[in-house]
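Engineer: Sequence:
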Amino acid sequence: MEMEFLAGVIHNNTAQRNGSCHINAYKTLIMTSDLFGVIVGQPLIAKLLWTVFHSKKMDVLNMNLAVFHNLQYLLGGIDFCLTFFNKLQHVRMVMFLYVYVLIGGPMTLSFICLERYIAVVHPTVYPLLRTYRCREACALSVWLVSMPTAVLKAFSLELKIKSHSIDSVSYSVLMAMVVVMVWSNVTMLKALKMSGPTTDKLHPSKQRAIQTVRAISILMLLCYIPVGVMSKYKSIKGYGATCILVPLSIMLASVASVVHPILYLVTRGNLFSCQR
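Residues in the sequence shown are numbered from 1 upward in steps of one, following the working numbering.
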């Protein structure tokens, strides 16, 4: 199984000697990803949470995404220590993080895109999101899907669950969320570019909305779609690809988790204390 293979590689470098895995590249990628989240991601998430808590309207989905990434960074810091002291638990943590970031980040971003889609395209329906607690339900669904699936992946060896079956679930969720983001963003851009009959100039709020939509689209194209492709490629190539593709996927997801709070804070003028 995948966990047995990776644990064997880390313990005795067997796969490295056979040429099927590059253990040095694996360690570099996974440790860089862990440190990147702790050093770069944590301060940004703290700033985002501070901004959300002190805003007039509670942004449930972005707050949920911040909490989600905060846990990711904390687990990444623990994983960095486990790399030196407990190899088996390190592998377990890597498998957990792999599925965790593959599902939770794209799910929350897709819900944010859907929220903006409803606000732009169906403004009369938008107030119902608060009435029926739709944001809270979406935030809860992220945890209910990502956490159990990640736990099953981490303990697949003990539970005798086929690892590729869990990967198929996470891949399917990821690609479904990508489709939702593409559809909602394209529809929003078309609606936002319709400036009205008497003026050719977009309202500043619409211009900011277009910039945000484009930024999320770029984030999706550069980070989450490549992660989905690598996940599918890993299932085709077998365990030998795990050493590079798993930490690389976590790294890309970590980059995406940092870019989004930067965009959020920039659009609100709160990235630096001197901004207004």
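Read the hints as simulated data drawn from the structure, not as lab findings. The reader is advised that the hints may include incorrect statements.
Now the in silico label distances, taken between C-beta atoms and shown as ranges [stated by the list, open to error]:
#1 Phe155 <-> Gln211: 36 to 46 Å
#2 Val121 <-> Ile218: 17 to 27 Å
#3 Phe84 <-> Ala191: 26 to 36 Å
#4 Leu140 <-> His54: 18 to 28 Å
#5 Gly269 <-> Trp143: 28 to 38 Å
#6 Phe84 <-> Lys190: 23 to 33 Å
Calculated lysine-lysine pairs in the PhoX-like style (CA-CA distance at most 25 Å, straight line) [to be verified]:
#7 Lys160 <-> Lys87
#8 Lys87 <-> Lys162
#9 Lys160 <-> Lys57
#10 Lys162 <-> Lys232
#11 Lys193 <-> Lys27
#12 Lys232 <-> Lys190
#13 Lys57 <-> Lys47
Just so we're clear, the structure is a prediction, and the values are computed from it rather than from any experiment. All C-beta atoms in this analysis are idealised placements derived from N, C-alpha and C, irrespective of residue type, glycine included.
Engineer: Evaluate each hint against the coordinates.
Structural biologist: Against the structure, the hints come out as follows:
Remark: the range hint 36 to 46 Å for phenylalanine 155 to glutamine 211 is upheld by a beta-carbon distance near 43 Å. Between valine 121 and isoleucine 218 the beta carbons are some 21 Å apart, a value that agrees with the proposed interval 17 to 27 Å. For phenylalanine 84 paired with alanine 191, a C-beta distance near 52 Å fails the hint of 26 to 36 Å. For the pair leucine 140 and histidine 54, the supplied restraint of 18 to 28 Å holds, since their beta-carbon distance comes to about 24 Å.
Against the hinted window of 28 to 38 Å, the Cβ-Cβ separation of glycine 269 and tryptophan 143 comes to about 30 Å, which satisfies the hint. A hinted range of 23 to 33 Å is violated for the C-beta pair phenylalanine 84 and lysine 190, which are about 52 Å apart. Distance hint between lysine 160 and lysine 87 is fulfilled; the C-alpha atoms sit about 20 Å from each other, no more than 25 Å. As the CA atoms of lysine 87 and lysine 162 are separated by approximately 21 Å, the hinted pair is consistent with the 25 Å bound.
Simply put, lysine 160 and lysine 57 have alpha-carbon atoms about 46 Å apart, too far for the 25 Å limit, and the pair is violated. Straight-line distance between C-alpha atoms of lysine 162 and lysine 232 comes to about 16 Å, which keeps the hinted pair within the 25 Å bound. At roughly 46 Å between alpha-carbon atoms, lysine 193 and lysine 27 are farther apart than 25 Å, so this suggested pair is violated. The hinted pair formed by lysine 232 and lysine 190 fails the criterion: a straight-line CA distance of about 31 Å is larger than 25 Å.
For the proposed pair lysine 57 and lysine 47, the alpha carbon gap of about 17 Å is at most 25 Å, so the pair holds.
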